[in-house]
Structure formats: C-alpha cells, structure tokens
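Q: Chain by chain, the residues run as shown.
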Amino acid sequence: MAEKANNQTKMMGKQSISFQNTPYIVATSSVAGKKESEGPLGSLFDIVNDDPMFGKDTWEEAESEIMKEAADKVLMKAGLANTDIRYLVGGDLLGQLIATSFGIAELKIPLFGIYGACSTMGEAMSIGAILVDGGYADRVLSITSSHFAGAEKQFRFPLDYGNQRPYSASWTVTGSGAVIITDTNHKISSSGEADVVIKGITTGKIVDYGVKDSMNMGACMAPAAFETIKQNFEDFGVQPTYYDRIITGDLGYVGAKILIDLLQSAGYDISKNHMDCGIEIFDQESQDTHAGGSGCGCSAITFASFVYKKLKTREWKRVLFVPTGALLSQVSFNEGKTVPGIAHAVVIESEG
Amino acid sequence: MSEKKQVSAKNIINETDTKLRNEYFNQYVKDVTPKNSIPKNTAKAFLVGGIICVIGQAFTNYYIYMGADEDTGKLYTTITLVFLAILLTGVGLYQKIAKFGGAGTLVPITGFANSMAAPAVEYKKEGQVFGIGCKIFTIAGPVILYGIFCSWVLGIIYYLLKLLGVV
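In the order they appear, the protein sequences are chains A and B. Going by this note's numbering, 87 is the number at position 87 of the first sequence; the sequence numbering is gapless. Every number in this note's numbering is 1000 more than the matching position in the second sequence, counting from 1.
If you are wondering where the hints come from, they were derived from the structure by calculation, not from laboratory data.
Mimicking PhoX-like on lysine-lysine, the simulated pairs with C-alpha atoms at most 20 angstroms apart in a straight line are:
no.	chain 1	residue 1	chain 2	residue 2
1	B	1124	A	56
2	A	153	B	1125
3	A	73	A	309
4	A	205	B	1019
5	B	1019	A	337
6	B	1010	A	257
7	A	257	B	1035
8	A	56	B	1125
9	B	1030	A	337
10	A	230	B	1010
11	B	1030	B	1010
12	A	153	B	1135
13	A	56	A	34
14	A	212	B	1030
15	B	1124	A	153
16	A	153	B	1099
17	A	153	B	1096
18	A	230	A	205
19	A	77	A	310
20	B	1096	A	34
21	A	73	A	187
22	A	187	A	310
23	A	205	A	337
24	A	199	A	309
25	B	1035	A	212
26	A	212	B	1019
27	A	77	A	108
28	A	199	A	317
29	A	310	A	272
30	A	187	A	309
31	A	257	B	1030
Extracted from the complex, chain A is given alone in its bound form (with noise of 0.2 angstroms):
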C-alpha cells in the first residue's frame, strides 16, 4: 500500500512526473559533422570528423557510425563497458530506425528503438528517466543521431537536385548525442564540479494547428512546444523564471519568434530566457542555413556539449529541456495531410 501510494505521488499536474530516485546524468557525448564544427559551438564537440560519410559508403551507413562513435565515445568517458547498461533508448530520422539498429548492433546492449523526430532526445532522455527511477535500470544509455544527407534524401530531393530553399527551411544537424542515466548508486561524482540530475519531465501530446508546410517547421513545431511549456509551468506551479533557461530544440527563427508570442499570450513571458539548439548550433549569416538547425541531432549534440557543460559548472542551476519534432512522412505530406508537433520537456537540475 506504502508502495502505491509512494508511486502516485511522482505523478505531478495533468502530464508530468517529478522523479524520487533522482536519475543522475553522468556523462554525455556528441560526434559532429564539419559544417557543425564550424559553428558557434564547434570546439565544444568530443568528436568532428571532415568527411561527410563518415569513411562508409552510404549516407545510412554514415549516420549508424555517427551513433556507434558516439556511443562508444560516452561509455569511454563514463569508464563504463557495453555490459554495465541495462538499457539503451535511442531513435533516428531515417524509416525504420535503420540508423539506430546498424549502429548500436554491435553493442549488445537490450534497445527499446523510439521514434519521435526531432524530439527523439527528450523521449530518450525521459523514457531512460523513468526506467532508472523505478528502479528497472541502474543505468540507461540515452541517444539520437541525424544526418544531413539521408535526411534531405528520405524527406526531400537528392542531394545534387538544383533547387532553393525558402528562409523557413531549417537545416539538418550531421551528429550525435548520447547521455548515460543513472542511479544514486552508480552515479560518478567528479570533484569541483555538480552532479546533473533529472528532476522531472513534462511528456507532450501530439500538437496540430493546421500547418501543411513541410519547408516551415518552425511554425509546425511551435505550437507543440508551447503546450508542453505551458503544461510544464502548471503541472510544477512554476513560472518561467524558475528556469535559468528554457532551451527548445529546432524551432529555428520562425519558430521560437512563435513560440515566445504564443506563450507571452498565455501570461508567460520566456523572452528572456529562452534559448533554441536550431539557432544557437548554426550561424545563420556564414553559414546559410536560413531558419536554423534542425533533426534529432541538433539538440542532442548542443545538449550533450554545451548545455552539459553549463551545468557542470554551476553557471546554470536549473534548465527545462525541450526538444521538439515534426511528425511527417513523404507519404503523409503528399497526401496533403498537415505537419503536426510534438515536444517533450526535461528538467535538469544541477545539484551539489
């Protein structure tokens, strides 16, 4: 009885949890594509590789390599082994998740294989939460990769097609990301600096406002992260100063200008702290990439990088997380249906 009752209490407002066995993050990684290095945050990447195929011989086989040398990269900087993960949760843009399935076989490590587009880290990075704290896992390994040339081919023209982009295009993120999630008990403590933890998270529904284009998912894409947000501050009680910020993951320019106006409407004002992977992995002018950086990677790398590191230095106490995806296929959109969104929040704490 104690037990159930203990169980109902982690279940906060109408879509959130608020864990009890904090699942601490204990290391993360991200691999990087050139044009990424080449960004704002290039030099805060663990791994950047030049070649675009990643030394294979297809843009699939690029991506899955992409996610092995990440996975590979975070349990070396965790000193851990394959076999000490109970669990990895990971997810790619590509039909199928052929991204994930080659480029984590080899790790042997037991996979739920997830799909939630460019949302992907924040369902990973949830679903890994909520094993640790109920005590199914000690520890997860949590992780996403895209790729700029499979997603152009699976979502749009072949990559030499001569065509034009609109300024609301984003462009796709060529990387990486993965976190290790774990108990108190197996949690690695370094000296000088905090433990990161994961204090709650807010799921998302699916979002549609009726937006049919596909060159625009910024504007797709806003309205979900509104709703997560929004139900994020009621659920907790909390107002949008509790975060030091409230990070989306591709919203892009046309979608961030939506998101804080949606939001400013609904009384909460996030303008001063809001900040989104999309915008801040690119830069815009130099690199022409119009609306921003977009796919599963662009927020699990500049989590994994710079986010990470923010609060491993105390400069940041306390984030909300919010990666978002646009949930569509070829098939979906020439059969004219719309692009909705979905976005799901994580708040990650910095403790000690």
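Knowing the structure of chain A, use the given hints to seat chain B on it.
A: Here is chain B on its own, set in the frame of chain A:
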C-alpha cells in the same frame, strides 16, 4: 474573407473552435515567416537563365561555323548543354548555381538533365535496377509523363481542327 485583419497570438490561443484556430494560426505564420523577394529572384533567374542561353547560342554558332547545318548545330548544342549540366551535377556545382539562379537553372534543358543526374548519383548505392533504374525519374518523371500527355491532347485538337478545315 472576413479575417483580413492582423491575427495576434492571443486570437489563436483564445479560439476554442479548432478549425478557426488553425485558420488564424496559418494566417499568423504567413505574417511572421520571412519571404523571398520576387523581383530580386526574378532578376537573378533572368541573369543565370540568360547566361545559359547565351552559352547555348555560342555553341550553336560555333557548330554552324564548323560546317553543321542549323538543325544539326542545335542538336549538338542540346547534347553539349545536357553533358555540361550532368558534369556539373556530378561534381556538385549545379546545386550551387541553382541556389543562386533558381528558375534560371530549372527551365533550360540543363535543369532537366540535373533532375535526372541528381537521383542517379543519390540512388546508385541502392543498385542498378532498384536504385538508379527505379528512381532516376523521381523528379523528371512527371515532366515526361505530362509532357507526352499534353502533346497527345494537343495532337488530337490539331487533328480535329484540321478536319474542320480551321488550320
């Protein structure tokens, strides 16, 4: 249309009717999304398309100068332009020119060549038959299909007009 007025974020979140809310939101998205300048793009397309045509004309003149008759010269020009477009696609330059030139690179025959060469390069990894074979027409296919269909329809109209003695 009654909603000519500027839609604010407040209108969107306060609207309880989903259909109306989506309408407001789309209107609002249109207002906040940066747009391409049509005169600027048209000028660029004219410039790049014009340069391609001048190059084509230069080839035609050259071939005629070399002794070809006009029809043969034009045929050689077409082959040359297609070859150059495929070559530029292969080395990854055509996309860069198209990014600047837009319709200027799409409308000439070079655009057609690019639309077939690009999938051929991209899908080569999936094999000769299911890769290149099946996918080479993914972009050019509709042009060919409806091009042929239109000429067929026009052919029939022409035939009927001829029967009626109009032409």
